[in-house]
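Chains as they are written, first to last, in the working numbering: chain E, 1129 to 1853; chain Y, 201 to 631.
A few of these clues could be false.
Said to hold, decoys possible - Footprint (simulated), chain Y over chain E, 3 or more residues, beta carbon under 8 Å:
# : stretch
1 : 1539–1548
2 : 1677–1684
3 : 1693–1700
As the list claims (entries may be wrong) - Ranges of calculated distance between the beta carbons of each label pair, as one might list FRET restraints:
# : chain 1 : residue 1 : chain 2 : residue 2 : range
4 : E       : D1781     : Y       : Q228      : 49 to 57 Å
5 : Y       : T260      : E       : N1848     : 36 to 44 Å
6 : Y       : D287      : E       : Q1756     : 29 to 37 Å
7 : E       : P1543     : Y       : T260      : 53 to 61 Å
8 : E       : K1795     : Y       : I262      : 50 to 58 Å
The set of hints was computed from the structure by calculation and includes no laboratory data.
All C-beta atoms, glycine included, are put in the ideal place defined by N, C-alpha and C.
Each chain, letter by letter, is given below.
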Amino acid sequence: MSGKASSSQSSIGLSRSSALSHVYIQYPPLRCNVPGSRGLFYDDGNKLILSPTSDQVFSWKTVPFSPLVAPTSDSISEGPILSIRCSLDEKFIAIQRSNHEVQFRHRETGETFSQRCRPESESILGFFWTDCPLCDIVFVKTSGLDLFVYNSELKSLQLVETRKLIVSWYVYTHESRLVLLASGMQCKTFNGFQLSSAGVIRLPRFDMAMAKSEANSKPVLAAEDINIVTVYGRIYCLQVDRVAMLLHSYRFYRDAVIQQGSLPIYSSRIAVSVVDNVVLVHQNDAKVVILYDIYADSRAPISAPLPLLLRGFPRFNTSVSQSSREDSGSSGANVVPDNEAVIYGDDWTFLVPEFICDVANRLLWKIHLDLEAISASSSEVPSVLEFLQRRKLEANKAKQLCLAIARTVILERSPVPMVARAMDVLVTSYSHSVKTGSYLKGIKSEKTSPSSVPHVSSPRSGADVSASRVDSLEKSVKHASAAAAGVDNEYASDSEENPSSEPPTTNLSDLQIFDGNNPLNANGSEQQEAQLTSPAISPEEMYSFVFAPVEEEIVGDPSYLVAIIVEFLHSANSEKVKVHPNLYVLTIQLLVRNERYAELGLFVINKIVEPSKEVALQLLESGRQNFQTRKLGLDMLRQLSLHHDYVLFLVQDGYYLEALRYARKYKVNNVRPSLFLEAAFASNDSQHLAAILRFFSDFIPGFQNTSDHNTYYRILNEMNSSIAA
Amino acid sequence: MGMSAATTAAEGIKFCIFDLRRGQQEGQELDKILFFFPADLPFSAQLSVIGLSEGLITFTRIFSPEAACEVIEAERHSHVFYEAEPDIWMVMVVEKNESEAIWRIDALRKVLKEVHSLFLMFHGSIRTMIEKEPAGGLIRSHLYPFIMDYLSACQKRSLLDNCCWDFLLGKKLQLPSFRDCLKERGTVQMLTVSREAAIEVQSLVRVLESFAGNTQFYSLILFQDLLVSTTLSPVDTINLFTYAVLRLTPRALSSGVSSWSYLRKGSTTSNVATGSILAQSASVSEQNFRSRDTSPPGGDNSHHIARPLQPDRWSKGKDGFLVTDIWGAEASSSTSATPTIWLQQTEERVYVCAYQYRSLTLILLVPVASILGEQGVSAVKQQILENVSFLPVFTEFFFPLLNPSVYSCPKQFGALIATLTYRSCCSLMIK
């Protein structure tokens, strides 16, 4: 992890922005400005930004994210608003009016009803809609959870279950379906429930770690110190310990919560976002962001702390402002207020998983990763490739970057073991993506339509997902929230395929989330742009975009490239990935260029170069200077039962009698007699010519009436007469 | 001279090397002789053999100016000729024996060729050496021990035998037996491996050779006495393979008494015990040869003559590298000088770094020009050690599949088991 930023890095030729940043927000933002707005609310179940006024509520879709999206509005009745969420089928709007009352309004009919609690003994902390089969909506109260079903006949909620608990505050994210209920003096004792489409799972109660500042003072944990994070289909909780200045991480399994280690923090205010399974820890005071890829066991950050960049802001880049101006339709389009450009302002609220809401300016920003900058900032090529291969949101960009990196390391003649590891990363990733189907799916969606075919799981996180599982996932996606798998008993054991990255908890099964609103596949728009769902690189692409271009550019001894190809074959062989014959042809050309015929022989005999017609023809071509090599090519044709070609080459080499015998034995009927006759004539041997004429007369019906026969019969007579004379 | 006992036996075979460009003046005929076996034959007898051979060569040239004479069958002797270098002839005169007379001629020519190829590999061409020191002392002092070592190499198994006098002298000079004639010289025995194993090997080879950077390293890998991989040209492969099978493979090492002891001191002392008779005979003969040298002894005596074919001089070091003191010791340190050989294809001199792990012998050839002397060699060795740290794993992986008879073979390797095939074995030489 060198501290180098993109600007100081030139090797890959990717660094095009001069900005020292790995994460950026793109100007313009989504402006959620309506007159009379009484605040902004985020409904993460439906990914909506809601802005109520006195008699209306405006909502903007954040997925797909577009600054130009127009709000829809619903009328609501007057009254205080503590929180507001739409039901998952978007038929109802639920508004928490007070600590004791939640009001429901049917969006189409306008019918309303309310649900209250006993004001003397409990108060409502909040509520959320759920796709759990047991209930439709959950109230979180100081006395526990209330699970309700909506009864459409009675037009009211029916209580189906109550979980009695003392709750100080709670945290819930829809993407994890997990609600954490804090209790205790320090609010560090937690009860957790996952209410997914697979049912309700109660997690064991656990305590979070809190360092003590002094002997008698005990810090109290606040809701904003807890972040539920969903990466690679796993659920973590990141907890800020302000005294120790650490970010503790916990991983949730079906029946256990296990602390996973801690990350240092450098700011008293931090926020956590997740973009494309990368965890972003915003150090608000320091105004920098640190990236972690929690897939690997390492807790080392991906790169050095660097600020968040605002891209395309008019003040910095006038050319962009021209095009971006038109959308800022609100008053004063020509004057972009400076305060919009404040990064890590006090009014910033970080929304799950990847949005920033500037409450004061009523702006919504989406956070993006700058993959170029990240990949350019590290010289550890294999780990960069691993990182890129795990990216899904910008799969195409990640793929192009991987190809560029692969080309560069070869052209720079990096040490062979290092390039070998890089090749191994790419081949392994491809192999996994083929096994999980995501590679083929990407191709399919690319070819058919960039429609809503969702990608299901990253090639790594879902490597063990069976085909049926993929199918079920597809269905679950199509039916929105109906048939999501959630936590599943099929996962008898932990499903990670990378044992080194695992804590000693392999008998635990992860809390999993596989459903339609999974962030992995929620961002349809970007996938449609990228079309690819996996950055995996097939052997064909490795040939076309890495080996072939490199072969043209590389200077000097080609044996280095042969070494790299051998390493690639090594990886492909151990992953049982089939290699395109083009690569073998290239290998032969490179060996021949160095006149290393003996090694070429070894390659062919040991089948390192797998037999194919392309390979055989290349051997024949390269064998013009080396008889042994040509022989290898001929033998390969014969072994592949390419009888026709074999016969043709035999004739070409002058072995026409042998060719005839072979043609007869293997019933090769479609060679032209004239070829043999010409060859025999060229050898000036009348006996051979006679033998061939006789052969064709005997075995090809009607040959005696052809012009070939007549011509060569005459020639034969002339030859004989000249001998006689 | 203590050789008198051998004179009777010497009639069975005569082996000489002579240079037609030398000794053309009357009275200087002895100058022609570069090597003669048996060395104790009177010069007159030696000269008569060479004179006859020269006469036959010159005579047959009249009829076949392009292709020189290869063999002359006389009533009681066969004369086998091989023109190793222009005007430098190797001749073997073998007493005929009823049953073996005809078929071994080609095998004998192959022996002559092999001797010369190996000499080329270690010392360069005979002509170059003659030109270096026209008096001929240098070439003679190299040829004699080299050929005697070579002949003894063919006889390594009876080394401890008391009759080792006989194999050097007389009929027991290891002429190719009927079995040897079936084994063609000048070929290599390849190990046929599965694709997986072949890729593993290639991967190892490429990684090793990639240390070289811009210069070209070469490598040769053997499993026991079988060739697994080579990046040398065919001719160099054959020579080095022949040498490796004679002296470097585990079997060759273990044929000596002390081969598994990595203490070189132990090795040398045991040499005294086992090879003393041979050494004596060689040195006596050498003296015999040198005494005739017309050149002044001068600096020649101090010149160290490497005897690469001398038996039991290689041993396996603690680090897995094979070491020898054949090439002398470095003046500054006690470590042995790294062996060097000539590659015929590229005409460059290369260091030989041989690394052995169990049955696997890996020979890396590093051009002398590309690195800085012994320090460079040890740097290369260090790199090998660092980068082949996976070699144990690698060979573990290979053992069951390469040698199923020795190691019990786990089932998962069943598919990978390679068959051992010996290419060669078929050159019955009936003319």
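Verdict on chain Y covering the stretch 1539–1548 of chain E, criterion of 3 CB contacts below 8 Å: holds (count 4)
So is the stretch 1677–1684 of chain E in contact with chain Y by the C-beta rule, three or more residues under 8 Å, or is the coverage claim wrong? violated (count 1)
Is it true that P1543 (chain E) and T260 (chain Y) lie within 53 to 61 Å of each other by Cβ? Holds: the Cβ-Cβ distance is about 59 Å, inside 53 to 61 Å.
Given the hint of 49 to 57 Å, check if D1781 (chain E) and Q228 (chain Y) actually sit that far apart at their C-beta atoms. Holds, at about 55 Å.
Between K1795 (chain E) and I262 (chain Y), does the C-beta distance stay in 50 to 58 Å? This hint holds: roughly 56 Å between Cβ atoms.
Residue count check for the stretch 1693–1700 of chain E against chain Y: does it reach three with CB-CB under 8 Å? holds (count 4)
Falls inside 36 to 44 Å, the C-beta gap from T260 (chain Y) to N1848 (chain E)? Between T260 (chain Y) and N1848 (chain E), where Cβ atoms are some 42 Å apart, the hint holds.
Just to be sure I understand the hint, the distance between the Cβ atoms of D287 (chain Y) and Q1756 (chain E) should be within 29 to 37 Å; is that true here? holds (32 Å)
Of the numbered hints given earlier, the model fails hint 2 alone.
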